[in-house]
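Engineer: Protein chains in written order, with the numbering used here: chain A, 1 to 256; chain B, 1001 to 1407.
Keep in mind that the hints were calculated from the coordinates and are not lab data. Note that the structure is a prediction, hence the values are computed from the model and not measured. Honestly, I wouldn't trust all of these hints.
As the list claims (entries may be wrong) - Examples of chain B residues toward chain A, derived with CB under 7 Å:
(1) 1028
(2) 1029
(3) 1032
(4) 1187
(5) 1306
Note that beta-carbon positions come from the ideal geometry of N, C-alpha and C, so glycine has one too.
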Amino acid sequence: MNRLETLFKTKDQEIINVYCTAGFPELESTLPVMRSLQQSGADIIELGMPYSDPLADGPVIQSSGSTALRNGMTIAKLFEQLRDFRKEIAIPVILMGYMNPVLQFGFEKFCKTAAAIGVDGLILPDLPEREFETEYRAIIQKHGLDFIFLVTPETSEERVRKLDKLSTGFLYAVSSSSITGKDKDFKAVEKYLQRLQNLKLKNPVLVGFGIKDRQTFQSASKYANGAIIGTAYIQAIESSKNIEATTKLFLESVLK
Amino acid sequence: MINSITSFNKGTYKQPNIFGYFGNFGGAYIPEMLHRNVEELATRYIDIMYEEFFQKDYHALLKDYVGRPSPLYFATRLSEKYKTKIYLKREDLNHTGAHKINNAIGQVLLALRLGKKRIIAETGAGQHGVATATVCALKGVECVVYMGVKDIERQAPNVARMKMLGAKVVPATSGSQTLKDATNEAIRDWINNPNDTHYVIGSVVGPHPYPDMVARFQSVISEEMRWQLKEHTGNELPSKIIACVGGGSNAAGAFYHFLDDLSVELIAVEAAGLGVHSGHSAATTQLGKPGILHGSKSLVMQTDDGQIIEPHSISAGLDYPGIGPMHAHLFESGRAKFLSAKDDEALQAAFELTKLEGIIPALESAHALAALKQIHFKPNDITVLCLSGRGDKDLNTYMKVMNVNAE
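Start from the sequences, fold in the hints, and give me the full structure.
Structural biologist: Encoded structure:
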């Protein structure tokens, strides 16, 4: 059983997945940030691989990516930083990024390396399901990685079922068809999540985009297995002098 | 069959397969947030475009509003200079000054058929932004144009035109603050407004069906060229067609109806900037590798780590780090020949055409003109060069050259 499966088996409520950008705020922040997240009670770490043209991210996350790129972050450098991370990080870690840098690194080499160092799954929002099925799924599965698709309020029921079927690990429910970090009308979000819940999907559902505090987290957790926080956390650590303390405070404010 | 997508596995030169691939390039590499809009477009564009009423509206506007057909002009003195026969396809005479209006009219009409109330667009030099703002003014539709902060500074007259036409010009402040970032911002706007908005992409780039749809709207250029050539020369087919390529929409339009006539040599001219290997260039077929940019697989200028490189060209319209998937396929298959022209060569060519023919070309088109020096012509060759736009917008750049020469 892999780490994501084990996690959802032991905990199916109020799962918190925190997004952070690799190499942000400093090039060597990647591991300290991951360590702090684990210590402060994060259930999953979603590690963003910076890209020059991140279509599905909002300005805060794009800007953190630009900083990381300026810091010298690359996929090769990230794998080097993560080489021994399983000696200290036990919670599931998934990599999130865009197809182009992964293709340049070499898709198979990427999956093989990620799996070898102990990464659990991938989110590549611009990999369409047709190409996933025809070209990439076999490679991803061969290396035992989970692959997580996104669904939005605009995704038809038929398509949600299809993407759920193709996903392993969990399903990423974008809380509104919009960019990360924007304020949401949570009533509408709750209605949408209820709709998803009624579909009785095979995968656990985590809600992303627009989760920023205790209230939005609880609201999202009511109809889903938990949520993903990105923008708010990036903002919190952006100018932090003490990542460990900031992360602890941040997660306390969301969880308690 | 022109009005349906081929089911051939690899697509043809002209048409992609049902998944949007021209050979190895194309597709729709988009996040789920864009899926419904792009899927709606992919399912419906062909049916709408070839509807009788749509065709009537579209062609009436092209004729009475744009001023089509654009003339095919035999450039006597230019021909004498290169000892061959050169015709200019005068897209520069279109309303708003370039070929961009052909696509803007088509897409805005299509958006209205889809029930959309709001139009967004990206622009680099401002030509596509002006064309889109123009059609939106004509139809009374809300228009928002994304433009890189750096381009807003460089292209002040076009920014003023868009504003006068009633469009909101939004500065793209992310990344390198130029065309590719304006495109990112426009895509984000579309993600945030999934129900009432249509995104008018200005070139043969983006996720399927955009490359095919834009090529079809621009194909009016080569449709006219065929009968105009027949009138002028008695033969529909030229020996060569030359067009500049940034994303590649005027080239796609000029090549389109000749793609399957293999006797016609197709020549695409990219912007080499300060020199192909100077580190300041936009010659994508020479510098790019297969990759994914703005939703399709194509040739892309990028670092070894897969980050997109900011290109350089004196012409803002060619300043793009990719090319459309149709062109990537034409390049890979060898169907089209790709040349490049440097900034100074384009400038020289612009002055040459102005002096010989009394036509001031856009800097983009000047790259196609600059390639004349690199091509071997036979006296009886018939060449059509697509003069994609006029040079009014580039007067500042031209004036700088004149001032330097006067010193």
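Engineer: Take the hints in turn and mark each one as holding or not.
Structural biologist: Cross-check of the supplied hints:
no.: 1; hint: 1028; result: holds, 6 Å
no.: 2; hint: 1029; result: holds, 5 Å
no.: 3; hint: 1032; result: holds, 4 Å
no.: 4; hint: 1187; result: holds, 5 Å
no.: 5; hint: 1306; result: holds, 3 Å
When held up to the earlier numbered hints, the structure conflicts with none and fits them all.
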